[in-house]
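Asks: Residues per chain are reported as follows:
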Amino acid sequence: MRSAVIVFPGSNCDRDLAVAFETVTGAKPAMVWHRDTELPDDIDLIGVPGGFSYGDYLRSGAMAARSPVMQAVAKAADRGAYVLGICNGFQVLTESGLLPGALLRNAGGHFVCRDVALTVENAQSAFTSRYAAGETVTYPVAHHDGNYFADAATLDRLEGEGRVALRYAEGVNGSARNIAGILNETGNVLGMMPHPERVIETAHGKTDGRRLFEGLVEGLMTRA
Amino acid sequence: MKARIFVTLKGGVLDPQGKAIHHALEGLGFGGVNDVRAGKLIELDLADGTSDEDIDAMCRKLLANTVIENYRIEKVA
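Taken in sequence, the protein lines are chains A and B. The numbers in this note's numbering rise by one with no breaks, and the one at position 109 of the first sequence is 109. The numbers in this note's numbering rise by one with no breaks, and the one at position 68 of the second sequence is 68.
Keep in mind that the hints were calculated from the coordinates and are not lab data. The reader is advised that the hints may include incorrect statements.
Said to hold, decoys possible - Result set (EDC-like, lysine to aspartate or glutamate): computed pairs, CA atoms no more than 20 Å apart in a straight line:
#, chain 1, residue 1, chain 2, residue 2
1, B, K2, B, D52
2, A, K28, A, D16
3, A, K28, A, E38
4, B, K40, A, D56
5, B, K61, A, D56
6, B, K2, B, D15
7, A, K75, A, D151
8, B, K10, A, D151
9, A, K75, A, D115
For reference, chain A alone in the conformation it holds in the complex (with noise of 0.2 Å):
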């Protein structure tokens, strides 16, 4: 299995991601560049981290978003590879096309930074497969950018086609329906504005985010 941390300049969470996804493959994760066109041919899993890539300039994500590396990221998601795209990496997904929508500043016009209770909508989901549909998890939330925005359209094909994986349990950013992490049509691609690499260990004072990563090397186990 093998697994891949998109690195821009200005990502600051990839180090986190990357031991997240240590931990539970057993395996290093490959540091890719943001001037690489390609990627491992046999790459299963693609984490797009959280930070403020290229400064956040024009629009957060915009910039990263055209950057070589993420023609290839497209291309492996294409094919089937799983992407999971935290906080500035949703925002890179959206701006990038591979998940509709877009991420606007918060509705009241702060950055938040805090845990926030999410409801897992989609547990089918490869990456929220070892969650109980209805559950409650809490993630912490760190974002200056993280009101989702779909037109109505959009929003009621994602809640009728089950892609909205994850929404928040409270008010946190004026997210279109409470949103707060949405599935591609395939399915393998997560986009998602909380952080549940950085609740994976007791030492974290929570574990909540783990079973995301071990949902998801156990759906590419049993794939394989």
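Position chain B relative to chain A; hints supplied.
Replies: Chain B in isolation, oriented as in the chain A frame:
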């Protein structure tokens, strides 16, 4: 040749920055401001002969996110 690209949030897309500016104007005692929407101005210095199609493509592919933003191109001689 220069072009100015005006990027604005679509109607109906919440603009917390505009709201904050609005509140600040009211705080300064300016009445009669009904609404404030903030946008971006991007100035491009372009090689002569750059086609309108190319400028439009720059807007669609990078300068504006058409999910949430509109853009307007103003060519300056």
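Asks: Determine for every hint whether it applies to the structure shown.
Replies: Outcome of the hint check:
1. K2/B - D52/B: holds (12 Å)
2. K28/A - D16/A: Cα-Cα ~12 Å, so holds.
3. K28/A - E38/A: holds (18 Å)
4. K40/B - D56/A: holds (14 Å)
5. K61/B - D56/A: Holds: K61/B and D56/A sit about 17 Å apart, inside 20 Å.
6. K2/B - D15/B: Not satisfied, since the Cα-Cα distance of roughly 29 Å exceeds 20 Å.
7. K75/A - D151/A: violated (27 Å)
8. K10/B - D151/A: holds (11 Å)
9. K75/A - D115/A: violated (34 Å)
The structure shown violates the earlier hints numbered 6, 7 and 9.
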